[in-house]
Each structure stands twice: as structure tokens, then as C-alpha cells.
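Dock chain B against chain A, hints included.
Those protein sequence lines, which keep their order, are chains A and B. When we follow the working numbering, the leftmost residue of the first sequence carries the number 1, and every step to the right adds one. When we follow the working numbering, the leftmost residue of the second sequence carries the number 1, and every step to the right adds one.
Each hint can be trusted.
A short list of chain A residues far from chain B (calculated; beta carbon distances all over 10 Å):
no.	residue
1	PHE17
2	LEU18
3	ARG19
4	ILE22
5	SER74
6	ARG139
7	LEU142
8	ASN149
9	LEU150
10	ILE153
11	LEU161
12	GLY162
13	PHE165
14	SER238
In silico DSS-like pairs for lysine-lysine, Cα to Cα no more than 25 Å straight-line:
no.	chain 1	residue 1	chain 2	residue 2
15	A	LYS233	A	LYS192
16	A	LYS192	B	LYS85
17	B	LYS85	A	LYS23
Derived from the structure by calculation, the hints contain no laboratory data. Treat the numbers as computed from the prediction; the structure is a model and nothing was measured. Glycine included, C-beta positions come from ideal geometry on N, C-alpha and C.
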Amino acid sequence: MTREIHSKKTESRERGFLREGIKAAWPICLGYVPIGLAFGVLAQKAGLQPLEVGLMSLLVFAGSSQFIAVSMISAGADALPIIVTTFTVNLRHLLMSSSLSLYLGRLQRGWISLFSYGVTDESFAVNLTRFRDGGWHWRPALVLNHTANLVWIVSTVLGALGGQFIPAGAFGIDYALVAMFLCLLVFQLRGKLHAVTAVLAGVLAVVLALAIPGNAYVVIASMAAATIGVFLKHLRPSLSGEKS
Amino acid sequence: MIHSDYLLLLIGMGLVTYIPRWVPLFYLSRRRLPQWVVDWLELIPVAILSALVLPEIMTLGDPREFVLLNPKLLVAVPTFFFALKTRSLGGTVILGMLLFWLAKKFF
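For reference, chain A alone in the conformation it holds in the complex (with noise of 0.2 Å):
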């Protein structure tokens, strides 16, 4: 009988994941609809065709190097300089596929390399909080993916197509995901250990953000302070009892 209560509910579970996942997707979106839209209009006015914005959007899917390669194409590079510096904006997402390893070991390898597509600093950020709470699997996660990368692609056609006439910062939108990485951020702090691994990356990160031009700063701080860590847990045995 209980048996197939718990089968009953596994059932209705997974048959709710397209839904689990689209609700899960609406913060990132929130944030993506003005970025989008923002980088359509800066697309269109360096020469692009929103066909060919979306076609970006949909080939690479990565907003930060997106504007980048966008300034660097009205600026005249070469390919070549352009592929270089998307491959080293995009490097911290190294890390965060290997974070996002440790809940996906039984997936099967196609889905796995479809998985890949999707992660951003946004999703791995909504993904992995819901993978460590529990109740969270690769179904509803690859959903989340994937909504976030089609309202990522509309809205950055719909900026290429008159997003000019959209006005900019409406309503705060343009805080909704400095909000929800700050809550998920939160929800990361999980005992001293965390808590004192975060203040490491985020003093280091603003340190070099400052010193150094480019992004590598959220990489380099941040295996910073997780190796601090580390070491700390080693330590200092008494500063990794987590809190739930």
C-alpha cells in the first residue's frame, strides 16, 4: 500500500516537471527579458540582423561574452581575437559544470551533453540550490535550461526588432537577478565554513575586480576561497558543522 503511494507520487512528480521546471525558470527570466532586449538594440546598432542576433543567442548562449563579442565586432576585430575572448569569459563556467557533476552521475551521457548546453551562471545557480535542498532532478533541471535559453533568444530578437522603444529599468527589472543571486547567495550559507568561504570570494573578487580589467576575477577568487576552505575544514574540524 505504501509502496504504491510513494510510486503514485514519483509518478505525478516526474509528469510535473515540465511545469516544476518552467516555475523554477521565472526569476532568470525576469532578469533576462531586459538584458535581452538591451543587447538586441546595442546587436542592431553595431550592423546585425535579428536573425542573426538570434542565431548568437541560440549558437553560444552566454549573455556576458555576447555584448562583448557584439563591441568587438562594431570595433572591427578579426574572429580569431573574439573567439579567444569568449572562450576566457566563459572559463568560469569550468567550475561550475564540475559543482553540478556531483548530482548528475547517473544521467545518461546524450543528456548529459544537452545538460552542458544550458548551464549559465544563472541556472547553475537556481540548479545546484535545488539539487542540494533534495526533491530536485535532471528532468525539471534541464527544463529550466532550456526556458531560460528560449527567453534569453526571444528577447534578444525582440531588442534587435524595436527595443528601442522598450523603456530601460522599468519597475527595477534591471535588479531582478542582482536579487536572486543575493537570495541564492543566502541559501548557500550553510554554517561557518560557508559562510567564511564567501566572504573570502567576495572581499578577493572586489580586491581584483578593481586590479585587474575582464572577468577573470570570479574564477580566480573564487577557487581561491574554496581552497582556503578546504584547508580551513582541515583545520579547523569544528567549522564545518552545517546548519540546516
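Just chain B, lined up with the frame of chain A:
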């Protein structure tokens, strides 16, 4: 009509974006990692989130400059405590947007 030069650029950009996202998931997910690597990867999310958001709210402009009294940081303080208290993602996003919208009217 899409120029072949532009298409090649996009394919290049797409590949160098996809590969770093794919390699760790593809090769690490089936492997049993040593405990210290797991410990390290467990701390990476909190470190990345903090490293993404703090420079975003404490520096402005290009080249970046440290600006303590700016609307992004001022709004971040109540937003952070609201998240800590309520643990509500939706509520935090709405509150942050509302406060930022108000703050920009005064700055």
C-alpha cells in the same frame, strides 16, 4: 541571408563556450572523486555566487571603481536580510526590484 564569415564566428564562439560547460559534466559525473575534491567542489558554489555578486554591487563603471554609497549596494543590504529572514526567492526578487526602482528615483 547569413554571411559565412559570421556563421563561422558563431560556430567558433559556440564551441569555446560549450566545451568548458560540457567537459566536466561529461567526465566527472561518472567518476568517484577523492574527498578533498568533493569538499572543494562543495565550496565552489558559495564562492562563485559571492564573487559574482559583490563586485556587481560594490563597483561601478568601466574601468571599475569602488563606490560604497551607490543604490545597488544600499538596496542589497535590506534585500539580503529579507532573504535571510524569509528564505523566499520570489519575494526577494520582487522586493529587490521594488527597492531599486525607488532608490533610483532618489539618486
